[in-house]
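Enquirer: Taken in sequence, the protein lines are chains Z and D. My numbering numbers the first residue of the first sequence as 1 and each following residue consecutively. My numbering numbers the first residue of the second sequence as 1 and each following residue consecutively.
If you are wondering where the hints come from, they were derived from the structure by calculation, not from laboratory data. Among the hints, erroneous ones may be present.
[To be verified] Computed spacing ranges between beta-carbons, pair by pair: (1) Pro92/D / Lys63/Z: 31 to 39 Å; (2) Gly23/D / Glu111/Z: 26 to 34 Å; (3) Ala115/Z / His59/D: 36 to 44 Å; (4) Gly54/Z / Gln31/D: 51 to 59 Å; (5) Leu94/D / Glu34/Z: 23 to 31 Å; (6) Lys99/Z / Ser39/D: 15 to 23 Å; (7) Ala115/D / Arg100/Z: 28 to 36 Å; (8) Arg62/Z / Gln45/D: 54 to 62 Å.
[Said to hold, decoys possible] What the simulated footprint calls covered on chain Z by chain D, stretch by stretch (three residues with Cβ under 8 Å from a Cβ of chain D suffice, anywhere in the stretch; the number is not a length): (9) 6-14; (10) 80-90; (11) 123-130.
Just so you know, even glycine gets a beta-carbon here, dropped at the ideal spot from N, CA and C.
Protein chains: 2
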Amino acid sequence: MMALSTKGRYAARIMVYLAIRQGAGPITKYQIAEAEELSADYIEQIMVRLRAAGLVISHRGRKGGFTIGQDPAKITLGDVLAAVEGPIRPAPCLDSYCKREASCPTRPVWEQAVAVLEDLFGRTTIAGMAEQTKAQEGISYSI
Amino acid sequence: MMALSTKGRYAARIMVYLAIRQGAGPITKYQIAEAEELSADYIEQIMVRLRAAGLVISHRGRKGGFTIGQDPAKITLGDVLAAVEGPIRPAPCLDSYCKREASCPTRPVWEQAVAVLEDLFGRTTIAGMAEQTKAQEGISYSI
DNA sequence: CATGAAATACATCATCTTTTCTGTTGCATT
DNA sequence: AATGCAACAGAAAAGATGATGTATTTCATG
Chain Z
1 MMALSTKGRY AARIMVYLAI RQGAGPITKY QIAEAEELSA DYIEQIMVRL
51 RAAGLVISHR GRKGGFTIGQ DPAKITLGDV LAAVEGPIRP APCLDSYCKR
101 EASCPTRPVW EQAVAVLEDL FGRTTIAGMA EQTKAQEGIS YSI
Chain D
1 MMALSTKGRY AARIMVYLAI RQGAGPITKY QIAEAEELSA DYIEQIMVRL
51 RAAGLVISHR GRKGGFTIGQ DPAKITLGDV LAAVEGPIRP APCLDSYCKR
101 EASCPTRPVW EQAVAVLEDL FGRTTIAGMA EQTKAQEGIS YSI
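Whole structure, please, built from the sequences with the hints as guidance.
Expert: Below, the structure is given as structure tokens:
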């Protein structure tokens, strides 16, 4: 329960991938697809949303591809998830009018769930996530 | 994103409903259905899972219905959600083998999300949720 | 027994997610 | 200018899940 869709999970991995390769020029969706074992067509759809949010920059034509749109230390996981999946909503009643609102025994907990998740995802940066991967790769290279 | 299904949300409301009416004898699914504006057929399916977890007790035959299975102060929202929806899993890779496991940049944050949600839901009791509703009903009666 | 209510199983409908496909547009290289 | 690569756009197929309904069975009570 409380699952993210693949869009959110893939987007997070894609952002870390681009963060690690920052400065190496545009990366194509095909490169990402191969490295992360995802469908290039599906990556395309995710990129549309990341680009609209300014999280990645696209470069058309030959030698084109995608680069990260901002400093990875300033992009949070919350930004990425919001861009591709929309706001955190354990219960849909939280953004539509609900006549039980005033007396609903469950509403406060769902609101608290939103708060703790927004806090966690807001504190988690792409740069922070990338560090760990870089460290891992460093180890494997040193063998 | 990160939505609970109706099973979890309805189950929470049903448990609070039964907690408030504790001691008044078995409540039928039709009574719950009318009060909470849910389908009686769907309540039935939710009850199967709540019963299997010992959270409600069913009484067959005439004068039958459902009663709460334990002290509402000892039943947490986490217990209820686990019974009807299964464990909290932002990403499915958390319980299946994943070859990226060791180097995955996203896995730690999904694990942290599970932790903060389990903490929140584990601290929230049915009795606590019921209090609020009782208080609200008290206010409306006093007019 | 007869009755009312839960238990169980199965069928269906709706919605959302995920994936794939087809074509178009823009840019850099030659 | 011509060519090739890669993003862009939209559609639609495929799959999964959620939600609900129907029918039958089992059981406790009067």
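Enquirer: Just to be sure I understand the hint, the distance between the Cβ atoms of Gly54/Z and Gln31/D should be within 51 to 59 Å; is that true here?
Expert: holds (53 Å)
Enquirer: Apply the coverage criterion to the region 6-14 of chain Z and chain D: a residue qualifies when its Cβ sits closer than 8 Å to a Cβ of the chain, and three qualifying residues are needed.
Expert: Satisfied; 4 residues make the cut.
Enquirer: Determine whether the Cβ-Cβ distance between Pro92/D and Lys63/Z falls within the hinted range of 31 to 39 Å.
Expert: holds (37 Å)
Enquirer: Given a hinted range of 36 to 44 Å, is it respected by the beta-carbon distance of Ala115/Z and His59/D?
Expert: holds (39 Å)
Enquirer: Does the Cβ distance between Ala115/D and Arg100/Z fall inside 28 to 36 Å?
Expert: Check passed, 30 Å falls within 28 to 36 Å.
Enquirer: Can you tell me whether the CB distance of Leu94/D to Glu34/Z sits inside 23 to 31 Å?
Expert: holds (25 Å)
Enquirer: For the hint 26 to 34 Å, verify it against the beta carbon of Gly23/D and that of Glu111/Z.
Expert: holds (31 Å)
Enquirer: Could one say that the CB atoms of Lys99/Z and Ser39/D fall in the range 15 to 23 Å?
Expert: holds (18 Å)
Enquirer: Do three or more residues of the region 80-90 of chain Z come closer than 8 Å to chain D, measuring C-beta to C-beta?
Expert: Three-residue rule met by the region 80-90 of chain Z, so holds; n is 7.
Enquirer: Do three or more residues from the region 123-130 of chain Z put their C-beta atoms closer than 8 Å to C-beta atoms of chain D?
Expert: Since three or more residues must qualify, the claim that chain D covers the region 123-130 of chain Z holds, with 3 doing so at under 8 Å.
Enquirer: How does the Cβ-Cβ distance of Arg62/Z and Gln45/D compare with 54 to 62 Å: does it lie in that range?
Expert: holds (57 Å)
Of the hints listed earlier, there is not a single one the structure fails to meet.
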